[in-house]
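As a plain string of letters, each chain reads:
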Amino acid sequence: MTLALYRIDDRLIHGQVVVGWGQPLDVAFIVLVDDEVSSSDWEQDLYRMGVPPQIEVVFASVEQAAALLPAWEADPRVGILLVGDVDTAVALAARVPQVKRFNVGGVHHRAGRTERLRFVYLTDDEAAKLRQLAARGVDVTAQDVPTARAVPVGEFT
Amino acid sequence: MSDLRGVIVSHAAVAQALVSAVTAITGIEGVLTAVSNEGCGTEALGQRLREAVGGGPAVLFVDLPGGSCFTSSARYAKQGGADIAVVTGVNLAMLLDFVFHRDIAPAEAARRAVDAGAKAIRVTAS
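Top to bottom, those sequences are chains A and B. Using our numbering, the letters of the first sequence map in sequence onto residues 50 to 206. Using our numbering, the letters of the second sequence map in sequence onto residues -11 to 114.
No wet-lab data here; the hints were simulated from the structure. Any given hint could turn out to be false.
As the list claims (entries may be wrong) - Facing chain B, according to a computed beta carbon distance under 10 angstroms, are these residues of chain A, among others:
1) I62
2) Q65
3) V100
4) G155
5) G161
6) Y170
7) D173
8) T196
9) V200
Using N, Cα and C, we set each Cβ at its ideal position, and we do this for glycine too.
From just these sequences and the hints, can you work out the full model?
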């Protein structure tokens, strides 16, 4: 199998990911790509607590992820890759041409962002970056849970 | 009366429903505050916790031992500066016990709540 889901979600590991996507995909490992979390043992313990013991959690910086991504893609098990923001997704896709899709699963309100979907708030700059990602051949859609419709990037940016 | 507060942190409207249930059963108001993660990223949920906890002391009652409610609560307890304990797996039984036993430190109240909550989970004869 392969990485079944590349997801942008500012909550990183949480219920929608572990249960909502993890159950139907029968996920065996989750890769969390975040420079800050990958350098903090305490943060890693926190995120690991939300994951059942049979699911492996891998923490990586963007640089580490770029090097390891081909191995994750070749893993016979099913995995999910998570990033916390648009910039991390763009940085990863720029380093690894193998990244062909990104699911926008949850980017929430903060100053400067406007509502695009119930679970997606973006600055104009972030929206432009997602459109650029799509223009480079990455399939960008927004979908919080598997039972929802995958909204094409043109409809929310 | 103790100034120890309980803050219930949950997905959707679970927290608000638990607060209503405690008030309906005990008549006690103003001790528990509900916080939902609805529509929240990490930053916004942290802000909701700050507003609910204030200066503490407090016990945070979280629905699941993982997920955004839990990670934000644990992070707040570590960094928030107030005297805070975190309990996961909140249920009505532990909250009913908690509102009557608040003249203790948050850590002790948390242990007591876990005992009370666990005792309420059982298989009954059919």
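(Q) Using the nearest Cβ pair, does A:V200 come within less than 10 angstroms of chain B? (A) 17 angstroms, violated
Q) Taking the closest Cβ pair, is A:G161 under 10 angstroms from chain B? A) Not OK, violated: A:G161 not within 10 angstroms of chain B, min 12 angstroms.
Q: Let me know if the C-beta of A:G155 comes in closer than 10 angstroms to any C-beta of chain B, holds or violated.
A: 7 angstroms, holds
(Q) Given A:I62 as an interface hint, is its Cβ closer than 10 angstroms to any Cβ of chain B? (A) Status holds, d = 7 angstroms.
Q. Is the hint on A:V100 kept, meaning its closest Cβ partner in chain B is under 10 angstroms away?
A. This interface hint holds because 7 angstroms falls under the 10 angstroms limit.
Q: Using Cβ atoms only, decide whether A:D173 comes closer than 10 angstroms to chain B, and label the hint accordingly.
A: Violated: closest Cβ of chain B sits about 18 angstroms from A:D173, beyond 10 angstroms.
Q: Verify the interface restraint on A:Y170: the C-beta must sit less than 10 angstroms from at least one C-beta of chain B.
A: 8 angstroms, holds
(Q) Using the nearest Cβ pair, does A:Q65 come within less than 10 angstroms of chain B? (A) 9 angstroms, holds
Q. At a threshold of 10 angstroms, is the proposed contact between A:T196 and chain B supported by beta-carbon distances?
A. Violated - the Cβ of A:T196 stays beyond 10 angstroms from chain B, reaching only about 16 angstroms at its closest.
Of the numbered hints listed earlier, those contradicted by the structure are 5, 7, 8, 9.
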